[in-house]
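Following the hints, complete the assembly by docking chains B, C and D with the ligands onto the known chain A.
Each chain, written out:
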Amino acid sequence: MIKPTAAPVPPRKGDPEITAEVVADHGLSPDEYERVQQIMGRTPTYTELGVFSAMWSEHCGYKNSKRLLRLLPTKAPWVIQGPGENAGVIDVGEGFALAFKIESHNHPSAVEPYQGAATGVGGILRDIFTMGARPVAVLDSLRFGDLDTGRVRYLFGGVVSGVGDYGNCVGIPNIGGEVQFDRGYEGNPIVNAMCLGLMKHEDLITASASGDGSPLMAVGARTGRDGIHGATFASEELSEDSDESSRPQVQVGDPFTEKLLLEASLELIASGAISGIQDMGAAGITSSGSEMAGRGGSGIEMEMTDVPIREEGMTPYEILLSESQERMLVVAKPGREDEVRQILEKWELEAAVIGRVTNDGMFRVLEEGQVVADIPALPLTEGCPTYEREGIESEEIVALRTMDLTEHLIPEGDLTKSFLLLLGSPNVASKQWIYHQYDTTVRTATAVRPGGDSGVIRIRGTRRAVAATTDCNGRFVYLEPRTGAMAAVAEAARNLVCVGALPTAITNNLNFGNPLKAHIYYQLREAVLGMRDACGAFETPVTGGNVSLFNETDGKAIYPTPVIGMVGVIDDVSKITRHAFQNAGDDIVLLGSNTGEFGGSEYLYVTAGLVAGQPPSVDLDGERALQQAVLKMNHEEVLNSAHDCSEGGLASALAECALGDGDAPFGVDVELDEDLRPVISLFGESQGRILVSASPDKTEQVLSLAARYEVPAMKIGTVTDADAGFSVKVRGGSVAASTADISEAYFTAIPKIMDAPAGSEA
Amino acid sequence: MSQYRLEVRVKPRPGLLDPQGKAIHHSLNSLGWEGVSDIRVGKAIYVDMEADSPDAALEAAEAMCRKLLANPVTEDFEVSMVGELEGAGS
Amino acid sequence: MSQYRLEVRVKPRPGLLDPQGKAIHHSLNSLGWEGVSDIRVGKAIYVDMEADSPDAALEAAEAMCRKLLANPVTEDFEVSMVGELEGAGS
Amino acid sequence: MKVAVITFPGSNCDYDLYKAAQQVGGDASFIWHRERGIEGYDAVLLPGGFSYGDYLRAGAIARMSPIMEDVISFANAGGPVLGICNGFQILCESGLLPGALMHNNSLKFESKDVLLRVERADTMFTADYKAGQILRIPIAHGEGNYEADKETLEALEAEGRVVFRYVNAAGETSANANPNGSWHNIAGITNRAGNVLGMMPHPERAMEELLGSTDGVALFTSMVASLQTS
Ligand SMILES: Nc1ncnc2c1ncn2[C@@H]1O[C@H](COP(=O)(O)OP(=O)(O)O)[C@@H](O)[C@H]1O
Ligand SMILES: [Mg+2]
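Residue numbers (my numbering), protein chains in the order written: chain A, 1 to 762; chain B, 763 to 852; chain C, 853 to 942; chain D, 943 to 1172.
Derived by calculation from the structure, the hints in this document are not laboratory data. For each residue, glycine too, the CB sits at the ideal point set by N, CA and C. Hints are all accurate, no fakes.
Computed beta-carbon distance windows for the label pairs:
no., chain 1, residue 1, chain 2, residue 2, range
1, D, 1073, A, 462, 36 to 46 Å
2, D, 1116, A, 150, 29 to 39 Å
3, C, 920, A, 42, 47 to 57 Å
4, D, 1099, C, 920, 29 to 39 Å
5, D, 1020, A, 77, 56 to 66 Å
Pulled out of the complex, with its shape left as it was, chain A reads as follows (with noise of 0.2 Å):
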């Protein structure tokens, strides 16, 4: 191969002219721009600054976190394919293996809810399918500031109708997430959507372009002019102005497109007509088109006029960063450009050739046969200079961590009306107001639903299964990054060993704020070091993730969330075990025991609107020993339910298990002696923690189990029948209520709020 060097490319007419200011325009620094001349060995055109720039934003280029991402653990025997392609792909046994990777769409949610959602379920969908892998599932993570304003709930509201109706229309059951209502989210929205797809090994394709002169097709919708620089813009902060600026990248999602390019991509792939597939996402063609030739170790060269577009007059510069949903560049094998284009024309939808592979390693843009852009692909792909910084902890929030809660743990007696009022706040509440909204049992596959700790789908001929779940609580991440990382992760695990799933890899979504601030840049450092401690214990490598920095409004960044998409295997779906109690009569045993922390917990944001203390701490290897205890119990059959506690504690975690779904609600009678205040006995979140039940008769085999792994385990009471409540009585303090008054609590919080006429209090 010829090293590649940019020939020449003359202005092209109408362009701008390149000055500092236009430079600026397009996010890239000084020292990043003189890179680019030093690559290009001249000055770049318009167009071919507005590549680099798309490249070399954050969201592409991965700047500020790549070194970071660099210490996780990505190897283990199952990991088939790790970070670096559309998804990250595990062995799942029997032939079978699974792609997964969660994505965020923060900005475009935040200036348009319900197409931003929607969108981001759309690329996600696009990640998995283009593995070679068929959708099976969906989940998504969610964080809003608290709903008692008309905007955050504008925002709820539309994120989750546009998350439901994308994936209910292409036919991907949603099978679980999370969601958080805190201040700390106000004016920047998280959304993070998850998809698994499930394959068989020798259907695994990878994006890359090899093959001198193989042609490049566009396939699916056509190019518009949506959101424009949206990976620029992905990597900006917002500001009170944004709603204004920002209106021209609104995408707009078709759901019925993807339905059918998600059909026609797998069929392609079935056909061997094609070597390569991509989608066009973030920065559309020019990123699809850059990696798959920087992968490939070739070049492309693309003609702008044989893009099918949608409206009249686009520049190559537009076609290059439209980011028009639904599209996917295809690299066919020679003479196959028929075949392909017949398959896409049986699901009604259009492909064009739209270029070939070369071998000079260029990428090169055409219009109407003359060179606009002529770019090295390799320096432009991987040459973004990558920054470590300085890390600071913010002394603000030393002081928060620090603070005396003395006078918050002083209440004790009858704790009923704070246990109501935390079992009704949003965050601990129930979200069927949520995932009722979501088609949760298309393809009937789905063997655990949201509601449970982990969904599950079942893999179809085979006795196997796989779960997934997300986790992360932003306020332990905010009080103390590395332990609040390694708590998400830790979360995870616990939420897949209830369901009686191995915890085997994790994707993760970094949501940040800007990296350029110090204080910023040492909660991301913290945060991947915990990341890479938890892993690395339990054994789950890191197969892929997103990473979307910047979230602020007005200076003001959200809390550090490091989203863990966690998923696991079943062997034996016959074995799965679910939260809810089954029987009255049943022990109920709590595994772990409480560490006695306070801070970060739902209980002091609902009764004294802090954010503040110790988070909980988090032991490694008392977590492991927890899962194989747990996992041993699910293969022993000794339990009828288990159930990860985590916001508002051990008595919310009780009444989520008595009350399941609402339509078999059972009372419980617990009773435990802790040396603690009552509130934390109660209400502390402390980690490493799982209720079970068991029948009377195998409480002894559950016990001697969790002393095998040296799990500490006691008996705390029994699930009674509904009539008799719901009574926990702890040193010192108690609650005792009805099943109908928790019910109530529980089942309602979410859509009284919700369901109220739009604007009541506006």
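Below, chains B, C and D with the ligands alone, put in the same frame as chain A:
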């Protein structure tokens, strides 16, 4: 042949329920517009098409409504001419 | 005070993709209407309301659009007076 | 029994329906909407999903597909046709069933298990149920609010063509058991001849204990049995 733009309005039949209209009505009331007594939500569909004459265009649009754009069980429709589009004709 | 009926038309912004319009367009073409070159789908909302004058009614309807009926990020709107309703006034 | 599952662009329950038919011994095949000809089939199934994205109106564009002419003749000749969810909407749009399915009155997509009461156990689709039996079956739709003009509605009731209704655990047609605002809690109806059934809930998703319910099985076994005896 000229290019025309037509506007088709498809409305829910009087008497039939219109959940969207009801919800909007409710919201408007709670936003303080108390004088609103009814809201009906239909569709406005803009059709750009070639035809020999404005009448031919209108007729075609009505045929489209009967065949596809409106549901005779639940909806009424109206068609009007927005105007001739520029740069057309062949 | 009189009763007025207003018509609000809410349309997708030009340049934004309109998946509905696209699908309908496709269908009309395959049903044989080949002269159709574009379809855009919006909403037609009929508002019945009390107001002091036609102008006041129009103004109120525009405020409703800004606040609730149209999505300012993706849609444009137009308001027109259909007419005064009978049997009104109080 | 040869069963045709029609796939429209945007159908997404076609595979589930195919599997359900197979499970009860049906010999199922998919037919793409642009194909013609369903001679030789004993029953036609119209699956759920979002044909043409449900753009314009649910089922409106699919109803124009070439295959629908054949489905209509098949039904008019007495052939059994079952439309589930989007399939029901297509049946209404095509005139094989009366009325229309409007937006749910919550204006939200509703996805959950509902309880249904079997109103008629003497149809070819329900013979393996008992009249009054209560079924637990998932729904997943945004437009399932059944509506028709007054005469049609009265005729449906008078002729006993309502096959399933949404009920509460006590078997009553209460308002809060109604997930979408459907008139008289209607969840499924037949045509006058009884050979065309449309229903919003998804019996094909209630075929296995692992997935939460087996209450849909009898619908498919009823169909197979009626075809084997006729
Ligand atoms: N945005 C969402 N989408 C789908 N399911 C959700 C969403 N938010 C919460 N859920 C579901 O609601 C249940 C309770 O959520 P959560 O309290 O976050 O679970 P946990 O604390 O056990 O991780 C889980 O089954 C979860 O999957
Ligand atoms: Mg929880």
